[in-house]
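**Student:** Here is what each chain is made of, one letter per residue.
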Amino acid sequence: MTNYDITVIGGGNAALCAAITAAEAGARVLILETAPKPYRGGNSRHTRNFRCAHDGPLGPLVESYGENEYLDDLLKVTAGNTDEKLARLAIRSSEECLPWMEAHGVRFQPSLSGTLSLARTNAFFMGGGKSLVNAYYRTADALGVDVLYEAHVTHLELSGDRIARIDYTHQGDDHSIEPTAVIVASGGFQADTDWLARAWGPAAKNFLIRGTPYNRGVVLADLLDQGIDSVGDPTQCHAVAIDGRAPKFDGGIVTRLDCVPFSIVVNKQAERFYDEGEDVWPKRYAIWGRLVAAQPDQVAYVIIDSKSLDLFMPSVFPPLKADTIENLAGMLGLPLAKLCETLDAFNSACGDTSAFHPTELDGVTTTGIAPAKTNWARPINTPPFYGYSLRTGVTFTYLGLKVDETAQCFNATGPIRNLWAAGETMAGSILGQGYLAGFGMTIGTVFGRIAGREAAAYAN
Amino acid sequence: MRTDLIQEARRQAEICNACRYCEGYCSVFPALHSQRAFAEGDITQLANLCHNCRGCYYACQYTAPHEFDLNLPKALAEVRRDSWESLAWPQPLAKRFHTQGGAIAMALVAGFALMFLAIRAVGSAGGDGFYAVLSHSAMVALFAPALLLPLFSIGLSLRAYWRMVDGRPLTLADLNAAFNRAAHMTDLAAGHGEGCNFEDEDRFSQSRRYAHQAILYGFLLCFAATCAGTILHYLFNSPAPYPFWSLPKLLGIPGGALLTLGCAWMTWLKLKSDRTLGDPRAWGGDIGFTLLLGFTGLSGLMLFAVGDTAWMPGMLALHLGAVLTFFLLMPFTKMAHGFYRTAALLRNAQRYRE
Numbered sequence: 004m005t006n007y008d009i010t011v012i013g014g015g016n017a018a019l020c021a022a023i024t025a026a027e028a029g030a031r032v033l034i035l036e037t038a039p040k041p042y043r044g045g046n047s048r049h050t051r052n053f054r055c056a057h058d059g060p061l062g063p064l065v066e067s068y069g070e071n072e073y074l075d076d077l078l079k080v081t082a083g084n085t086d087e088k089l090a091r092l093a094i095r096s097s098e099e100c101l102p103w104m105e106a107h108g109v110r111f112q113p114s115l116s117g118t119l120s121l122a123r124t125n126a127f128f129m130g131g132g133k134s135l136v137n138a139y140y141r142t143a144d145a146l147g148v149d150v151l152y153e154a155h156v157t158h159l160e161l162s163g164d165r166i167a168r169i170d171y172t173h174q175g176d177d178h179s180i181e182p183t184a185v186i187v188a189s190g191g192f193q194a195d196t197d198w199l200a201r202a203w204g205p206a207a208k209n210f211l212i213r214g215t216p217y218n219r220g221v222v223l224a225d226l227l228d229q230g231i232d233s234v235g236d237p238t239q240c241h242a243v244a245i246d247g248r249a250p251k252f253d254g255g256i257v258t259r260l261d262c263v264p265f266s267i268v269v270n271k272q273a274e275r276f277y278d279e280g281e282d283v284w285p286k287r288y289a290i291w292g293r294l295v296a297a298q299p300d301q302v303a304y305v306i307i308d309s310k311s312l313d314l315f316m317p318s319v320f321p322p323l324k325a326d327t328i329e330n331l332a333g334m335l336g337l338p339l340a341k342l343c344e345t346l347d348a349f350n351s352a353c354g355d356t357s358a359f360h361p362t363e364l365d366g367v368t369t370t371g372i373a374p375a376k377t378n379w380a381r382p383i384n385t386p387p388f389y390g391y392s393l394r395t396g397v398t399f400t401y402l403g404l405k406v407d408e409t410a411q412c413f414n415a416t417g418p419i420r421n422l423w424a425a426g427e428t429m430a431g432s433i434l435g436q437g438y439l440a441g442f443g444m445t446i447g448t449v450f451g452r453i454a455g456r457e458a459a460a461y462a463n
Numbered sequence: 016m017r018t019d020l021i022q023e024a025r026r027q028a029e030i031c032n033a034c035r036y037c038e039g040y041c042s043v044f045p046a047l048h049s050q051r052a053f054a055e056g057d058i059t060q061l062a063n064l065c066h067n068c069r070g071c072y073y074a075c076q077y078t079a080p081h082e083f084d085l086n087l088p089k090a091l092a093e094v095r096r097d098s099w100e101s102l103a104w105p106q107p108l109a110k111r112f113h114t115q116g117g118a119i120a121m122a123l124v125a126g127f128a129l130m131f132l133a134i135r136a137v138g139s140a141g142g143d144g145f146y147a148v149l150s151h152s153a154m155v156a157l158f159a160p161a162l163l164l165p166l167f168s169i170g171l172s173l174r175a176y177w178r179m180v181d182g183r184p185l186t187l188a189d190l191n192a193a194f195n196r197a198a199h200m201t202d203l204a205a206g207h208g209e210g211c212n213f214e215d216e217d218r219f220s221q222s223r224r225y226a227h228q229a230i231l232y233g234f235l236l237c238f239a240a241t242c243a244g245t246i247l248h249y250l251f252n253s254p255a256p257y258p259f260w261s262l263p264k265l266l267g268i269p270g271g272a273l274l275t276l277g278c279a280w281m282t283w284l285k286l287k288s289d290r291t292l293g294d295p296r297a298w299g300g301d302i303g304f305t306l307l308l309g310f311t312g313l314s315g316l317m318l319f320a321v322g323d324t325a326w327m328p329g330m331l332a333l334h335l336g337a338v339l340t341f342f343l344l345m346p347f348t349k350m351a352h353g354f355y356r357t358a359a360l361l362r363n364a365q366r367y368r369e
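Heads up: the sequence lines are chains D and R, in that order. Here the first sequence stands for residues 4 to 463, numbered as in the numbering used here. Here the second sequence stands for residues 16 to 369, numbered as in the numbering used here.
Please keep in mind that the hints were generated in silico from the structure rather than gathered at the bench. There's no promise every hint is true.
Stated by the list, open to error - Result set (DSS-like, lysine-lysine): computed pairs, CA atoms no more than 27 Å apart in a straight line:
hint	chain 1	residue 1	chain 2	residue 2
1	D	40	R	264
2	D	310	D	341
3	D	40	D	88
4	D	271	D	286
5	R	110	D	40
6	D	341	D	286
Said to hold, decoys possible - Per the computed footprint, the stretches of chain R lying under chain D, defined by three or more beta-carbons under 8 Å from a beta-carbon of chain D, are:
hint	segment
7	72-79
8	239-249
9	256-268
10	336-347
In this text, all values refer to a predicted model and were calculated from it rather than measured experimentally. Idealized CB from N, CA, C, for every residue including glycine.
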C-alpha cells in the first residue's frame with residue numbers, strides 16, 4: 004500500500020476541500036469514505052448553496068454582503084452562542100472561497116425560483132451539492148488523491164500528542180495505517196439514533212434524519228472517549244419541521260414544507276402552540292424542528308385552506324385534502340371537537356386581512372388569542388382544506404471537536420500535533436445553536452482548506 | 016399515449032419541482048418549475064424539450080439506490096419516443112423503426128434493390144454523368160414524392176403535437192429564440208456552457224454537442240447542395256455533373272464529410288454512454304438511424320471519389336438507395352426528433368413570454 008502523508012476521514016465537502024488543498028501542496032492523500040460510491044459526499048450531497056460574504060457583485064451573488072452584516076445574521080440565530088473569532092474567520096474567508104471553488108470545478112447558478120430572498124447572500128451550486136461533490140472528486144482524482152469507499156474507520160489510536168494509528172475495515176477486512184497527519188471530516192452523529200436518544204431522551208427515536216445515514220459519529224465518539232476537547236451541547240442540532248411521511252434517512256430538500264406561515268399548526272391534541280407567522284419562513288424554518296420535537300409524540304399538523312395552496316413551494320408528498328374540517332380531522336387522526344374549537348377561536352381572532360401579502364411581514368395579525376399569529380393571519384374557512392403532518396428532521400448535530408483557527412484539535416495537555424478537523428464535526432465551535440442557511444458549507448469549505456493546508460505543512 | 020410512461024414521468028417531475036436544484040441546466044427545469052400540476056400535454060412538452068444531456072441525472076441526490084429512484088432523462092426519453100410513435104402518420108409504420116435497427120437495415124437493403132432495379136428497368140434517356148445511369152425524370156419521379164410524402168406526414172404529426180401542447184400562432188420572436196437555441200445546441204451545454212454528461216459519467220464534455228452539430232450542419236450543407244443543383248438545373252439550364260468549383264460540390268463535399276464524421280463520432284459516443292439513462296428500447300433504432308445517416312454522407316463522398324469510372328453506377332445505386340430510405344423513414348425514425356424538438360423549443364419560447 005502506498006505511504007500516504009495525510010489520511011482524510013470522511014468524503015463530503017470539508018473532506019474534499021482538505022484533500023484537494025493538501026494534494027496541491029504536494030502531499031500524498033488518502034480519503035476514507037464510509038459510504039458506498041453512490042452515496043458518497045455525506046450531507047453535502049443534499050446541500051444547495053453556500054453563504055458567502057462579498058464586497059460588490061461576485062459570481063451569482065448580487066450587491067454586497069459585508070462581514071459585519073453576515074456576523075449579525077449569525078449572532079441572531081445563535082443568540083450569541085458563537086466563537087466570534089472563528090466565526091469571523093469563516094465569514095472573512097468565504098469571499099475568497101467562491102473563486103477557489105470555481106477553479107476546482109464547482110459551478111454556480113442564479114438563485115432558484117422560490118428563493119429570491121437568498122440571491123444576495125447565498126451562492127447556489129449548479130445542480131446542487133451532489134454535483135459539487137462530483138466535481139471535487141474529479142479534481143481530487145486528477146491530483147492523485149486516492150479514495151476508498153465503504154472504508155469504516157473504527158479507531159484512532161492517540162499516543163501522547165499524536166494520532167499513531169488509524170484502524171478501519173474495508174471489504175470485510177481489518178486494516179491499520181500509521182498516518183503522518185489526520186484530518187477528521189466525518190460529520191455529526193445524527194444518524195446514530197441511540198446516541199440522539201441518550202442526549203434527547205426517547206423522543207429522539209421519532210426524529211427523521213434529513214441527510215446521510217452514514218454520519219453515525221463513530222470517529223467523533225472514539226476521539227471524545229480519548230479525551231479530545233469537545234465543543235457544543237449534544238441536544239443542539241440543525242433541525243427543521245419536515246413532512247411526517249418523509250423517509251427515515253436521506254429525504255433531503257424535497258420533504259420540507261414551506262406552508263407554515265399561511266397555516267395553523269396544532270399538536271396531536273389539536274392545540275396551537277406557537278406563532279406561525281412570527282417571521283418570513285427562511286428566517287424561521289430552522290426553529291420549527293425543535294418546536295415540533297417538544298410536542299407530544301414529536302408530531303404536529305399543519306392545516307391550510309384553498310386560499311393558500313399556491314403560495315408556497317410544492318413539496319414531494321401531496322397534502323391530505325378534505326371538503327370539511329370534520330373529514331380532515333379524521334384523515335389526520337385529530338380530536339374533532341378540539342380541532343373545531345381551536346379553529347373557531349383562531350378564525351374569530353382574525354381581523355382585517357386586506358393587507359395580506361404572502362412574501363412580506365404584512366402585520367395581518369390575530370387579536371385576543373394565545374399564542375397569537377402575528378402575520379398572514381387569515382381565517383381557515385375556504386374549502387377544500389389541506390393538511391400535512393410535521394415531524395422533526397435533523398440535519399446535523401453540533402456536539403463536536405473543538406478546534407482553533409488552524410483547525411487543529413486539542414486535549415487537556417495541548418494540541419494534538421497531527422490531528423485537524425473540518426466541517427460538521429467541528430461546526431459546533433461556531434454554531435452553538437440555531438442555523439443560518441448555507442453556513443454549513445461555508446464552515447466546511449473554509450476549515451477544510453485550512454485543515455488541508457496545515458496538515459500538508461506538517462507532513463512536508 | 017401510454018399512461019404508465021406519463022404517470023412515471025409525472026411522479027418524477029413532482030419530485031423535481033420540490034427540489035429545483037437543476038434549474039440552471041437546461042430549458043426543461045424552468046418550464047417544469049413554472050407549473051404545479053402536469054397534464055399529459057405538459058409532460059409531452061417537457062419530454063420533447065429534454066435533450067437528454069443527463070446533467071440532472073448525475074447531479075441528482077435521489078437516483079437509485081435512493082427509494083425515490085429518479086432517472087428523469089430516461090423517463091422523458093420514453094415519453095418522447097411514445098409521443099413520436101403515437102402522433103406518427105400513418106400509424107401502421109409508426110412502431111418499428113424507433114426500436115429496431117434491423118428494420119432500418121432491411122429498409123436500406125430494399126432501398127438499394129429498388130435503385131438497382133430502377134437503373135436496370137429505366138436506365139438512361141441519353142443524359143451525361145449520373146443521368147447516363149438513371150434519367151433525370153426518373154430521379155425526380157422517385158425522389159420528389161419520397162421527400163414530399165414524409166414531410167406531409169411530419170406536418171400532420173406536428174399539427175397534432177402543437178394542439179396537444181396548447182401552441183399559439185408563431186411570432187418572429189418565437190422563431191428567433193428557438194432557432195438560436197437549436198443553432199448553438201444550448202440545451203446540450205448545461206447552464207455553464209461546458210457541455211453534457213454522456214461518454215464519461217459525470218464529466219462535462221462538448222463531444223456530443225459538437226458531434227451533433229457536425230451532423231446537423233453537415234446535413235444542412237448536403238441539403239443546400241441538392242437545392243443548389245436543382246436551381247442550377249431548372250433556372251440556369253445547367254444539369255449535373257458539376258465540376259469541383261461549383262456550388263453543389265462546394266456545399267456537398269464539406270457537408271458529406273461533416274455528416275460522415277459526425278455520425279461516426281456520435282456512434283462511438285453512444286457506445287460509451289450509459290444506455291439506462293436514455294430509452295433503452297430505442298437503442299437499436301438510434302444506432303441504426305445514425306449509421307444510415309452516416310452512410311448517406313459517406314456514400315455521397317465515395318460517389319464523388321469514384322468519378323466516372325466503372326464503379327460509378329453501383330455507387331450511385333447505393334447512395335441513392337440510402338437517400339431514398341433516409342427520406343422515407345424520416346417520420347418514423349430518430350430524424351423525427353429534429354422536428355419535435357424545434358416545435359418544443361418554439362412552444363417554450365412562447366410560454367416564456369406568456
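**Student:** Among the hints numbered above, which are violated by the structure, and what are their numbers in rising order?
**Tutor:** 1, 3, 5, 6, 8, 9 and 10
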